[in-house]
Structure formats: C-alpha cells, structure tokens
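Number of protein chains: 2
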Amino acid sequence: MKRSLFALLLMALSTSAMPQTASDAVVSDYAVRRSEYPRLLPGSRAEFKVKAPDAHKVQLDLGRKYDMKRHDDGTWTCVTDSLGPGFHYYFVEVDGMRVSDPASETFFGCGVAASGLEVPYPEGDIRFAMADVPHGEIAMRRYYSKVEGAWRRMFVYTPPCYHESTDKKYPVLYLQHGGGEDERGWAIQGKTDVILDNLIAAKEAEPMIVVMADGNSKDFTRELIEECMPLVEKTYRVVADADHRALAGLSMGGIQTLNAVIEHPELFRHVGVFSSGWWANTNAPAGMGNNTEKYYAKLSANKDYFNNQFKNFWLSMGGEEDIAFNNCKVMRGRFDDMGIKYDYFETPGGHTWPVWRESLYHFSKLLFK
Amino acid sequence: MKRSLFALLLMALSTSAMPQTASDAVVSDYAVRRSEYPRLLPGSRAEFKVKAPDAHKVQLDLGRKYDMKRHDDGTWTCVTDSLGPGFHYYFVEVDGMRVSDPASETFFGCGVAASGLEVPYPEGDIRFAMADVPHGEIAMRRYYSKVEGAWRRMFVYTPPCYHESTDKKYPVLYLQHGGGEDERGWAIQGKTDVILDNLIAAKEAEPMIVVMADGNSKDFTRELIEECMPLVEKTYRVVADADHRALAGLSMGGIQTLNAVIEHPELFRHVGVFSSGWWANTNAPAGMGNNTEKYYAKLSANKDYFNNQFKNFWLSMGGEEDIAFNNCKVMRGRFDDMGIKYDYFETPGGHTWPVWRESLYHFSKLLFK
Chain V
1 MKRSLFALLL
11 MALSTSAMPQ
21 TASDAVVSDY
31 AVRRSEYPRL
41 LPGSRAEFKV
51 KAPDAHKVQL
61 DLGRKYDMKR
71 HDDGTWTCVT
81 DSLGPGFHYY
91 FVEVDGMRVS
101 DPASETFFGC
111 GVAASGLEVP
121 YPEGDIRFAM
131 ADVPHGEIAM
141 RRYYSKVEGA
151 WRRMFVYTPP
161 CYHESTDKKY
171 PVLYLQHGGG
181 EDERGWAIQG
191 KTDVILDNLI
201 AAKEAEPMIV
211 VMADGNSKDF
221 TRELIEECMP
231 LVEKTYRVVA
241 DADHRALAGL
251 SMGGIQTLNA
261 VIEHPELFRH
271 VGVFSSGWWA
281 NTNAPAGMGN
291 NTEKYYAKLS
301 ANKDYFNNQF
311 KNFWLSMGGE
321 EDIAFNNCKV
331 MRGRFDDMGI
341 KYDYFETPGG
351 HTWPVWRESL
361 YHFSKLLFK
Chain H
1 MKRSLFALLL
11 MALSTSAMPQ
21 TASDAVVSDY
31 AVRRSEYPRL
41 LPGSRAEFKV
51 KAPDAHKVQL
61 DLGRKYDMKR
71 HDDGTWTCVT
81 DSLGPGFHYY
91 FVEVDGMRVS
101 DPASETFFGC
111 GVAASGLEVP
121 YPEGDIRFAM
131 ADVPHGEIAM
141 RRYYSKVEGA
151 WRRMFVYTPP
161 CYHESTDKKY
171 PVLYLQHGGG
181 EDERGWAIQG
191 KTDVILDNLI
201 AAKEAEPMIV
211 VMADGNSKDF
221 TRELIEECMP
231 LVEKTYRVVA
241 DADHRALAGL
251 SMGGIQTLNA
261 VIEHPELFRH
271 VGVFSSGWWA
281 NTNAPAGMGN
291 NTEKYYAKLS
301 ANKDYFNNQF
311 KNFWLSMGGE
321 EDIAFNNCKV
331 MRGRFDDMGI
341 KYDYFETPGG
351 HTWPVWRESL
361 YHFSKLLFK
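Protein chains in written order, with our numbering: chain V, 1 to 369; chain H, 1 to 369.
Treat the hints with caution; some may be incorrect.
Unchecked claim - DEER-style ranges, computed between Cβ atoms:
id, chain 1, residue 1, chain 2, residue 2, range
1, V, 69, H, 263, 19 to 27 Å
2, V, 202, H, 341, 34 to 42 Å
3, H, 164, V, 202, 29 to 37 Å
4, H, 73, V, 321, 33 to 41 Å
5, H, 321, V, 321, 53 to 61 Å
Said to hold, decoys possible - Covered, in the sense of this in silico footprint (three residues per stretch, anywhere, with C-beta under 8 Å from a C-beta of chain V), are these stretches of chain H:
id, segment
6, 25 to 37
7, 44 to 58
8, 88 to 100
9, 104 to 114
10, 123 to 137
No lab work stands behind these hints, which were simulated from the structure alone.
Glycine included, C-beta positions come from ideal geometry on N, C-alpha and C.
Make the full structure from the sequences, and use the hints.
Right, dumping it as structure tokens:
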C-alpha cells in the first residue's frame, strides 16, 4: 500500500526532480558492482545515469527512446515510464553512437553486447527468482564442429540431482535462441537454470538436461543431429530416444526447430516453437523459409504420422504485438486446414525475453510425462 | 618471412592509409559476429573502427590512448603500435565518455563491462589455443552464501575425463581473480579450460578440478572455507584433503590467498601467488594487508612447519613493470630474512592477463605430483 501510493506520487512529479526524491529506489540486479544505477523506482520505472561531460545529446534506447537530461557535473539522467516485468535489452546513444551502458552488465543480443535491465516481477511471482531449492548447473562446453568447420560452444544445464547419483539417465530438451543472440541467450537472459530448478523442486517438471547450442549455423539441422546430439549423448547420462528428446526454439530458433522436426520427426516427440512461424510470404531470409511449401506438403501427406509422433507440438506467441504474430497465425491456419494438431499459448509482451521465459516455464512442465 | 616483410611495409605507411591496404588483416576472435573490426594486422598491430557520426573526439584506450581519425561516413578508425600477445582490455572514449566498443564482446574487468582484444601468440606457441584434444567443461553454479548473505556464483572446471568414469576422484585448485573482476576472469579471460585441457592431454598436468569463486567478499577466507569448499566437496568427486587442495590467486586474489593459507595452512599444501604480495607500506586497502605483521610473525614463529606444509609456495611476477612488483619484492625479502622457502617466477608483461595465463600454465604443472 505504501509503495503504490509512493508510485502515484512519483508519477505526479517531474522527471528531473526524481533522482533526489526516490528513496525507495533499488539498484538493478545487472548494475555492475558498486554502481548505483540503473535503479528501479516504485511503479516499475527505471532511472539511468551516465557520465558524458562533453556529449551534446544523450538518449536512452529501450525500444522507445528517452532523452537524457544533462547535469552540471557532466552526468546525464532519465526516468522511464512504467516497464513490464522481466528482462529488457537497452542501449545508450551518445552523439549518434549507440553503446552499452558502462554501469550495466552486458548480454549478447541484437548482434552486439547490449545492456540489460531486469524489472522485478509482481510480488508473489517467484517463478523466475532464486529460491532456497536444490540447484543444478550450466556447463560451458567447447567442441569442434565438422559441419561448421569451426570451434563452437554449447551450454548444458544439468538438474540438481545429476551429481547425486551416477547411474540415473535423463531426458534432454534442446533449446535454441533467436537471431542476434547465441548460446548465452537461454542460459543468461532466459534464466533457464532458475526456471528449471524451481519447477523441478516443486515436482512440476521432470528432471531434465537442457542443451543450449549456438544456432548461428550454416545448417542447423545437421549441426544439431551430427554434432550436438552425439556429443551430448556421449558425454552426459542421457536417455537417447525420441520419447526422451525435445526440441524447442524462439524466433529464428523456432523456425530452425520446425525445419529440423519436419525433416527428422523420428528423432523428436516434443516440439516447442516460441514467437515464431514460417514466413507467411516469400521474403524469408536464407534458411528461414525456403522449404516451407515442401514442409507443408510433407505434413499434409503424413498427417496421422505427425499427429501421433508429436506428443507435444506447442506454439506460443507474445500477443498481437509480437513481430512473429502474423507468420504464426498464417501457419496455424495452414495446420488447421490440413488437420495438424498443436497447442497454442498466448501471453502479452511482444517479441521479448519475458514472453520466452514464460514459454519455457509452461512448455517444460509438459515434457517427458 | 612474407609476413614480417609485410609488417615492415605496413609500419612505413601512414596510419590513415592502412585500412585499404591491410589485406592480411584478421578479424579479432572477440569481434561480435558479422563485425569486421577490431582486426589484427601483421606486426601484432590492431585496427579499430567505430561509428560516431556526431562525436567531436574519439579515442581508443588500451592503457595507452590513441586518437581515432574521423572519416566522411561518420566512422572513426585507428591502428595501434605493436601489441604483446594475449588478452588486453580496452575502451573507446567518445566525447569524454568511456564506453565499451560495440564491435567487441565484453569482459568483466576494471569494474565494468570492458572490451577485449586477443593478440595472437607467436607461431608455435599453442599453449593457449584450442586444439584437437579431449575437452573438459566449465560449470556455472549458483549458491546462497550465509557468509555473504547473498546469492553467489562459482565457475567449476572439470577435466575431460570427469564424465567418463563415475568413481574417480580429483584434486582441486581454487583459483582467484583480481580486483575489478569476478569469477568470470579466469574462466573467460584466463582461458583456464584451454590451458588445462592442453596440459592434461600432454600429460604435463594432473587431471584436476579448478574452482573459480567470486572473490568480491566481505571475508574471503570464511567464504572459501565455510561456503565454497563444502559445496564443492559435496557436489563433485573430490579428494578432500590438503595434499589434493591448492589455492592460488592473482593480484587481490593473491593477497586473499596469502591470508587464507597463513590462517589455515593445515588445509592447503599448494599455494600460488600471481602478481601480488602484501602491501609494503601501511596504505593497504581494507582486508588487503591489515594483518600483515601478524602473518609475518606467525610464519617466522612456525618456519619449519610452513616450509614442510607448503609443498609448493610459488610466487610469480610480470616483471618490474608489474604494479605489484615492489610489494612482492619487499615480501620476498622478508621471507628470505626469516627463512621461508618459496619459488619465484618472473615473465615480462606487467599486471596483465598474458602474465596470469603464463602463471597458471607453469603453476598447474607443479600440482598434485
């Protein structure tokens, strides 16, 4: 009650007067050590501060751009409007140069080292928060890919019980990031370990291994099947069959998922496609939709096989504001017309990490049961 | 031969003419995907490019500052002098604001997300390069520290053979970063996994677990002994005795190492102190030298015990240009006076990651034999 009144009071004040008055400010989880900015203000607003004494114009770019105000000491500040809960990429634009905020940790997204802000979830929503439960771990594993002709890295989540016994074998979810990101997306921005640790502790998800590979690939299907899966199945205690193997991905990773499971349905019985869908027109980037009509034809010709093979065929979308909404809607229409069964989950938030965390939360509960 | 002639030719050319002529340029390992800069030129010089159309002054800060030159398209470039091999932090300064380079991956160092450049080692020096050998992995593990009253993260390297058998137990090296860094320092900048994978494959180092904890701690000795060690010894297959336990650290981590092993010598038989030494005067920051005289007295009074207990007491230094050189020299003098035995290794390079990688390379070969 005290907080929400305070939030209303803050909203009534001018932006420039706020830094001095925000006694309820909390430093962002992703501020670098010893930095007091960025910080969260009541009402899910965020305040930013950078030092740029000789700059002429500084803006904060959170998707929407905010002008930052110069102070006599050479610092610039701004306060945002109310922001949705979860992870947001952002940048600072200094005299036309887009940079990351020196006060923030960076996250590989948008093709660069982007700044990140974590807006707290509503009180009581502890799905994405560290809790006093047993914790798994995420391993960084390097390997040489003959498919890519290059050294690659994958991240592998193993559940809390993995190190406890030495004979138990686990099912595997292969989980792919989107464009402009890499294997760090799900591991860091996605909080995959936190989501799974919490669900496993609550017995809402089966203990599973989650493999987060680098999807920036010349041929993702081959990279997955010829490199990632053999390495994982050789290295970790894995039940290596389709019943115990899931593939999911977001955005670009969702299209890669669709392509791979249509080409090799015998390998996967659980499929997740988050904020994605084959291109609805012919403008798809290379590898993102060239074979779409071929895949539709294969699905249609083998409808019963696919409906039986995919125990889960789960599509999610970040509401109508998601840039992939139309592609997915057109694809769902095609599936409906040909009788391909799927589940569809929609949550507001657009084409963003809060939506994808939510997707993983719901999808992982369905798996391997 | 061709390369070095080309390097001489390049050095004779003006900086501004180079971007068009550097046909031997190689994009930096740490450039973000699709970026063509930073790039390495023959002669171990590096070329940088940023876009800042409205900036008035742009500099590259690699310790030494280079003025960047503006081009008509709003980009700024510069070429450095010859750089030493290995990892270097750097920044871009735009109109007085120090930022990371949008074209580079970032690395937590200097207390912020800093840009990083990897200058190739001389041909034939493959100690720090990915090779066709079995690979271990580095796990990110979260835990709640009662000592710190906070969630923390440690990185744990397990050797290639760790997942192969389920009963073999391993010795453990606890390895600490320096000030302004965290548990990512050794795992990422330090290439700990690459160094150990290569040494283990060559049978020059024993297969070992390496624990890289977060040294930003109110009480590192307690954090290590009450939190990190019990968690590691409970979770991984570890030989939990002093013979199979080493502690090492660089800079701030070296002082933390000294303090911990003097307070609890019974726990460690292998000690590494890289680019460090107790403060030689009374200006030590809190926790970095307050008990120094007490420790010297304990060492002196128990000289034979310590000389017997520390199978390895190994100090390294990045030459006279290392900012810790004098502190270490004074400390070595005190050790010599009281008859405390140690090994001392010096390599040029100053207070930098190339020196610390070199230190880990040599130190890890001595352990657990």
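Pairwise beta carbon distance, residue 202 of chain V to residue 341 of chain H, judged against the given window 34 to 42 Å = 55 Å, violated
With respect to the beta-carbon atoms only, verify the hint that residue 321 of chain H and residue 321 of chain V lie 53 to 61 Å apart.
-> Between residue 321 of chain H and residue 321 of chain V, where Cβ atoms are some 55 Å apart, the hint holds.
Tell me if chain V covers the segment 123 to 137 of chain H under the three-residue, 8 Å CB rule, please?
-> Coverage by chain V holds for the segment 123 to 137 of chain H (4 residues, Cβ < 8 Å).
Per-stretch coverage check for the segment 44 to 58 of chain H, three Cβ contacts closer than 8 Å to chain V | Result for this restraint: holds, n = 8.
At the C-beta level, are residue 69 of chain V and residue 263 of chain H separated by a distance inside 19 to 27 Å?
-> Distance hint for residue 69 of chain V, residue 263 of chain H is violated at roughly 50 Å.
Beta-carbon spacing of residue 73 of chain H to residue 321 of chain V - inside the hinted bounds 33 to 41 Å or not | 35 Å, holds
Look at the Cβ atoms of residue 164 of chain H and residue 202 of chain V and judge whether their distance stays inside 29 to 37 Å.
-> Holds, since residue 164 of chain H and residue 202 of chain V (Cβ atoms, about 33 Å apart) stay within the stated range.
Examine the segment 104 to 114 of chain H for residues whose CB is less than 8 Å from any CB of chain V, and state whether their number is three or more.
-> holds (count 7)
State whether the coverage of the segment 88 to 100 of chain H by chain V holds or is violated, taking the criterion as 3 or more residues with Cβ-Cβ distances under 8 Å.
-> Holds, because 8 residues of the segment 88 to 100 of chain H bring their Cβ atoms closer than 8 Å to Cβ atoms of chain V.
Check whether three or more residues of the segment 25 to 37 of chain H sit with their beta carbon closer than 8 Å to a beta carbon of chain V.
-> With 3 residues in contact (Cβ-Cβ under 8 Å with chain V), the coverage given for the segment 25 to 37 of chain H holds.
The structure does not agree with the numbered hints 1 and 2 stated previously, though it agrees with the rest.
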